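Peer 1: Protein chains in written order, with the numbering used here: chain A, 1 to 172; chain B, 1001 to 1076.
If you are wondering where the hints come from, they were derived from the structure by calculation, not from laboratory data. Note that the structure is predicted; figures quoted are calculated from it, not measured. Backbone N, C-alpha and C define an ideal beta-carbon position, used for all residues, glycine too. Hints are not guaranteed to be accurate.
[Claimed, not checked] To list a few chain B residues with every Cβ distance to chain A over 10 Å, as calculated: (1) Gly1015; (2) Met1016; (3) Glu1020; (4) Asp1067; (5) Ala1072.
[What the hints assert, rightly or not] If you want the footprint, here are the derived chain B segments under chain A, 3+ residues with CB under 8 Å: (6) 1023 to 1036; (7) 1052 to 1066.
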Amino acid sequence: MRAIGKGSLASILAVGLHFTRIILWIGFVGLSIAMAIVPFATLIAAAIDGVANVNLEGDISVTGEDYIGIAHHFVNFGVMLFVVTRLLEILKTLRFGSPFVKENADRFRGVGYALLIGEGDKITFGFMSLIFDADVEINTTIISWLAIIAVFVLGEVFREGARMKEEQDLTV
Amino acid sequence: MAISVKLDRVLLERGMSLTELSERVGVTIANLSILKTGKAKAIRFSTLEAICKELNCQPGDILFFDDEESAAKAAE
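Okay, chain B solo, but in the shape it has when bound (with noise of 0.2 Å):
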């Protein structure tokens, strides 16, 4: 998928681990996997406030758009 998500960066840049960011946002460590690895189809707004609200950052800090990729599978 041309987004990528950067949650492990985030998370290493806050000193917090994926259980800590699991219990206070209320999602299940095996969904926060399935984000942090980049495996997830789609991400709910409630998902991303509860994770921009704890980690105190930007939607944007954690998402990214690989304009490349995009265009690679494009081609493809």
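So that you can see chain A by itself, here it is in the shape it has in the complex (with noise of 0.2 Å):
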């Protein structure tokens, strides 16, 4: 399979993750509405029920571990963002066949703290969810560690091979 160009597994991937950066950006706005909106809901929900032709039905309560678990999945949302849209940028640099350069190494790292943020953020929320009693699990594994370490691993390979790169440039 070729590296780059039309049918390389680069621009599958890339396709790929431009579908689901879309998906993700739709998520996004969603949960930052919702994270705006939800804390008056209550007051929202009897604003309109007051209105003339408009009955809601039920009791509409929003308590703290909704809140928990919308501003858990708001996190989440946006470290996936993140991390899709620095991986896109790497792409786009290999598509244009200079991926060894400083700004993909510090690309990675910033994927790395990123996926760091997203593992504290299900520790956090979970241990919230445990006092608050929230739907949240805790659920984090080893292997995510792994992948966090590796991404990091990954960031410092890219350094060393754009500073070689500018070194190979700069040979005469």
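The task is to assemble the complex, starting from two chains supplied on their own in separate frames and drawing on the hints.
Peer 2: Right, dumping it as structure tokens:
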């Protein structure tokens, strides 16, 4: 399989990541709106209920557990969006034929930190759910942590690769 | 870098242009410019050999070690 160009793994990945990014954006925007609205949901429902011809059946009550769940997904979607965007930027440099640049090393490091935040999010909200009885599980695995370490290692490899490429370019 | 390149001085002494040297040694003008302006990170022995052969000089005539600059960098 070709490394770059039409039909290459990079181009297939890029298409998949673009598609994923669109879905993540929609989810992220939706969760952002939910984050802003949910604390006032009861007030809004009460206000709407009073308007003529509007009849809201049942009680709308938003508890702390719901908000923990939304906040957990909000952080998760943010992390995923960040990672996918960085991966697309890395693939873009690959398509242009210069993947070994310092910026990509920084991007990989950024992905590593984002994944760390993602794992931190699972643990933090997991513990919060234990306290507030929300529906968020603590499901961190050793594989996830190894993957994060692998991303950081990859970032350092790219940093050295970028240095070597610069040296090669400036070797007469 | 503590190593400085004095290619322009040797070229001036020999009355040779960078273009002419480029054609003789088979190195692009862009690469020779990198060398001349001190932007080069490394020089191949083959390139140095070809330049010295064409300019009829020693590597030491082209490359100089600036100890003061080296000490200044080490102090940073």
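Peer 1: Run every hint past the structure and note whether it holds.
Peer 2: How the hints compare with the structure:
no.: 1; hint: Gly1015; result: holds, 22 Å
no.: 2; hint: Met1016; result: holds, 17 Å
no.: 3; hint: Glu1020; result: holds, 17 Å
no.: 4; hint: Asp1067; result: holds, 23 Å
no.: 5; hint: Ala1072; result: holds, 21 Å
no.: 6; hint: 1023 to 1036; result: holds (count 5)
no.: 7; hint: 1052 to 1066; result: violated (count 0)
Checked against the numbered hints given earlier, this structure breaks only hint 7.
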